[in-house]
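Trainee: As a plain string of letters, each chain reads:
There are 2 protein chains.
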Amino acid sequence: MVETITSLIKSKQYIEVRKMLSEINPADIATIFSEFSEDMLPILFRILPKDIATDVFVEMSGSEQQTLIKSFSDFELKIMFEDLFLDDAVDIIEEMPANVVKRILSSSSPEVRSQINSILNYPKDSAGSIMTIEYVSLKKHMTVEQAFNHIKKTGVDKETIYTCYVTDPSRILIGIVTAKALLLADRDATVEEVMETNVIYANTLDDKEEVAKTIDKYGFLALPVVDKEKRLVGIVTVDDAIEVIQEEAEEDISKMAAITPNEKPYLESSVFSIWKARIPWLLLLMISATVTGAIIASFESALAACAVLTTFIPMLMGTGGNSGSQASVTVIRELSLGEVKLSDIFRVQWKELRVSMLCGITLGVVEFAKLMVFDSLLFGNQAITLNVAIAVSLTICLTVILAKLVGCSLPIIAQRLGFDPAVMASPFITTVVDALSLIVFFTIASSILNL
Amino acid sequence: MVETITSLIKSKQYIEVRKMLSEINPADIATIFSEFSEDMLPILFRILPKDIATDVFVEMSGSEQQTLIKSFSDFELKIMFEDLFLDDAVDIIEEMPANVVKRILSSSSPEVRSQINSILNYPKDSAGSIMTIEYVSLKKHMTVEQAFNHIKKTGVDKETIYTCYVTDPSRILIGIVTAKALLLADRDATVEEVMETNVIYANTLDDKEEVAKTIDKYGFLALPVVDKEKRLVGIVTVDDAIEVIQEEAEEDISKMAAITPNEKPYLESSVFSIWKARIPWLLLLMISATVTGAIIASFESALAACAVLTTFIPMLMGTGGNSGSQASVTVIRELSLGEVKLSDIFRVQWKELRVSMLCGITLGVVEFAKLMVFDSLLFGNQAITLNVAIAVSLTICLTVILAKLVGCSLPIIAQRLGFDPAVMASPFITTVVDALSLIVFFTIASSILNL
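Just so you know, the sequences run in chain order Y and B.
At position 423 of the first sequence the residue is numbered 423 (the working numbering), and the sequence of numbers has no breaks.
At position 234 of the second sequence the residue is numbered 234 (the working numbering), and the sequence of numbers has no breaks.
Worth flagging that the hints you see were computed from the coordinates, not collected in a lab.
Incorrect hints may appear among the rest.
For identical chains, the list gives no copy identity; a pair is met inside one copy or between any two copies.
[Unchecked claim] Within a straight-line C-alpha distance of at most 30 angstroms, the following computed DSSO-like cross-link-like pairs (lysine-lysine) qualify: (1) K19 with K140; (2) K139 with K78; (3) K153 with K341; (4) K139 with K19; (5) K124 with K276; (6) K180 with K78; (7) K140 with K180.
Kindly generate the complete structure, drawing on both the sequences and the hints.
Mentor: Set out below in structure tokens:
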């Protein structure tokens with residue numbers, strides 16, 4: 001594909017290229033273009049049929065869009081941003097450096113500019129910031145026939161025509177009517193007769209994650225967004241909801257791995273920005289690990305008396321850490337999906353207590369067998385006495401139980417205190433658990449081996 | 001809400017309850033019902049208006065559905081599963097124990113039964129297993145007018161009417177036409193004139209994650225599914241795509257936390273099943289931690305000679321582990337989203353090398369300062385000599401670099417070898433990194449402190 005296009009362009013057969021491209025879905029064209037060097041983009045883009053150029057532009061990566069915008073004349077820029085759906089336009093602008101934004105806004109028509117600004121003014125992550133204003137609104141006294149004619153007239157440049165919104169003269173949302181309802185209805189019935197009046201809607205300031213959850217929960221194709229006076233100001237469509245749901249998952253995953261979330265795709269982010277997203281956590285965790293160091297130091301005599309104990313430290317801390325993050329990650333995700341509520345804390349702890357006892361005993365028994373059969377009997381490791389084996393196995397069992405209880409409780413407590421539970425995630429909990437496991441280990445060991 | 005309903009039912013005012021409920025969205029009714037004890041469900045469910053009962057049933061939890069099915073007469077069961085959309089019916093059946101499934105299938109009409117079976121026969125996670133067969137199909141010679149009449153006649157019980165599928169006499173998919181295109185078209189134009197002929201479709205055996213990605217990529221409301229002969233057999237709708245996207249995220253998160261993925265919600269899963277999902281990994285990781293123990297043992301003399309080194313083991317392993325999982329988790333997720341391809345391995349490694357050097361140096365310097373200023377100067381800890389500080393800081397720096405390179409490479413290598421990259425996730429990498437960090441530490445320490 002790329003070769004053919006390159007050769008065709010070399011031989012100036014632009015019409016051929018255009019014919020080829022007009023057969024392809026814009027999303028795929030964007031993928032194909034991304035194979036070319038960025039300086040080719042302006043040429044390629046101008047070859048595109050006008051009607052799909054905008055759709056391709058939307059699908060491109062931020063840096064590609066920037067290259068193109070640089071190559072645009074102010075007029076081309078104006079046309080482009082008037083063709084874009086407002087929510088797409090805003091998404092793109094939010095990615096651009098200040099100077100580019102300035103140019104886009106100054107070149108676009110006052111009307112478009114004020115619309116873009118109004119959306120840019122909504123707080124980040126609010127419903128308002130992801131909504132579009134291209135929706136079909138109907139009046140209740142219209143007949144189905146008239147409604148269809150209205151859709152025919154205005155529908156072309158609406159993001160969706162499948163859910164229409166019924167507003168009163170003061171733009172207050174009084175009902176919704178789906179295209180399906182209109183199609184199945186009698187042509188001279190009035191919109192009022194077919195419309196659904198108990199409308200589920202979002203407010204401009206609602207969290208976009210809530211909006212996405214609502215769209216998902218009810219299986220909507222779009223959700224209306226209203227202002228304080230319940231006046232309809234925009235809609236959020238299902239494709240935006242999918243994006244939010246994915247972002248949310250990425251955020252949780254990042255935080256669980258102690259990374260400050262970053263919306264830019266990995267390969268496009270600069271080394272420095274990746275460093276910035278990771279280093280604070282590494283520093284925090286490195287410093288907090290001083291605690292575990294101090295604990296070991298305070299048991300130095302015990303370790304000196306029975307050096308073999310040291311060899312178990314990594315295994316004990318590792319097992320504790322893994323057990324803890326199994327519990328915490330599960331609970332964190334369930335919290336952010338709304339499957340677990342704050343009030344469930346005791347149910348969760350009771351579940352984890354039983355799970356952790358099962359896990360703890362299993363691991364303890366296996367480790368005990370391993371120590372006695374392999375290390376002691378087979379490899380005749382003198383240092384592994386029965387008491388050592390008991391101390392280690394007992395510690396594992398207790399550590400796992402503690403780890404899972406801490407792991408499942410901290411996120412819920414964090415949420416109740418108004419922190420982000422994901423920040424309480426694996427690495428942080430690991431540090432807490434490390435400390436606990438060492439204390440348990442040395443206490444048990446020194447008492448059993450009376451050191 | 002729950003109180004009012006309870007009291008109304010006590011006073012046998014069923015009509016009141018029905019009126020109340022008919023005002024509410026089925027998804028919300030399901031939430032309200034879940035507040036009641038399960039033995040109330042059959043009564044509540046029978047109060048529901050027939051037309052929304054099925055929608056409520058779909059929104060209920062598996063165990064609630066089971067309670068209801070138990071209470072259903074074979075006739076009620078038959079009606080229920082004939083009203084359900086086929087994909088919903090199959091989702092529910094897949095959750096049910098064998099005996100319930102048997103009853104459902106035997107009570108439902110031969111036609112429905114064969115449809116359900118045909119879908120149940122598609123491999124798990126295939127497009128066929130999540131598709132529905134309730135779609136609108138048109139013929140190319142129909143006029144737009146006729147198309148609308150056809151939709152009016154058959155549309156009511158189709159899952160979506162917004163994308164219609166044009167098939168030839170042998171059911172081969174030859175085009176799609178959106179309700180939007182039909183609405184905007186001239187009423188006596190033929191379907192052939194308005195239909196889109198280069199159709200993007202999935203095959204019954206395609207992975208459902210691919211299907212979801214396609215729907216997301218192109219912003220479709222539904223994707224047609226065809227068999228080997230390109231005959232249309234069903235469609236996958238956007239709401240199913242959202243579900244798949246979420247499942248995928250859950251799976252990745254579970255695996256990253258060393259948990260075998262489990263589709264059942266946490267609070268509904270039995271203690272034993274949770275144990276089963278977690279214990280294999282804990283065992284594996286506990287056993288593999290023996291390596292780190294062995295490494296420590298082999299440097300016992302060095303540790304004996306300079307006991308303070310032991311106190312740094314947790315911090316070094318923790319920092320290494322966290323750095324590693326930051327890299328691995330990022331790469332694993334990018335791989336499963338398709339943002340990073342196998343061929344990107346060198347780009348990724350080069351990026352991580354630079355990031356890790358930045359992180360390593362930062363952490364090394366901070367730790368060095370901390371050791372010299374706080375531990376040595378302020379707290380006058382004799383054990384922290386300049387050489388110890390150098391050894392520790394140097395180890396941190398190297399460990400972080402190693403950890404990130406291992407962390408970003410293993411998942412990609414795993415994928416290339418055909419394993420699931422997420423299985424190479426944090427905990428496993430942590431074990432590898434733990435071993436590396438200890439070796440680095442002891443080698444550097446013994447040479448600098450010539451132990």
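Trainee: Each hint needs a verdict: does it hold in this structure or not?
Mentor: Verification of the hints:
1. Taking CA atoms no more than 30 angstroms apart as the test, K19 paired with K140 passes between copies only; the shortest distance there is 24 angstroms, against 45 angstroms inside one copy.
2. In this assembly of identical chains, K139 and K78 lie within 30 angstroms of each other by CA distance neither inside one copy nor across copies; the values are 32 angstroms within and 42 angstroms between.
3. Taking identical chains as interchangeable, the C-alpha atoms of K153 and K341 are never at most 30 angstroms apart, the minima being 47 angstroms within one chain and 45 angstroms between chains.
4. Taking the closest pair of Cα atoms, K139 and K19 come within 30 angstroms of each other only across two copies (27 angstroms); inside a single copy the shortest separation is 42 angstroms, beyond that limit.
5. Only within a single protomer do K124 and K276 lie at most 30 angstroms apart by alpha-carbon distance; the minimum there is 21 angstroms, versus 41 angstroms between protomers.
6. Proximity of K180 to K78 under the C-alpha cut-off of 30 angstroms is restricted to the inter-copy arrangement: shortest distance 27 angstroms between copies versus 36 angstroms within a copy.
7. In this assembly of identical chains, K140 and K180 lie within 30 angstroms of each other by CA distance both inside one copy and across copies; the values are 17 angstroms within and 22 angstroms between.
In this structure, the earlier hints numbered 2 and 3 are contradicted, and the remaining ones agree with it.
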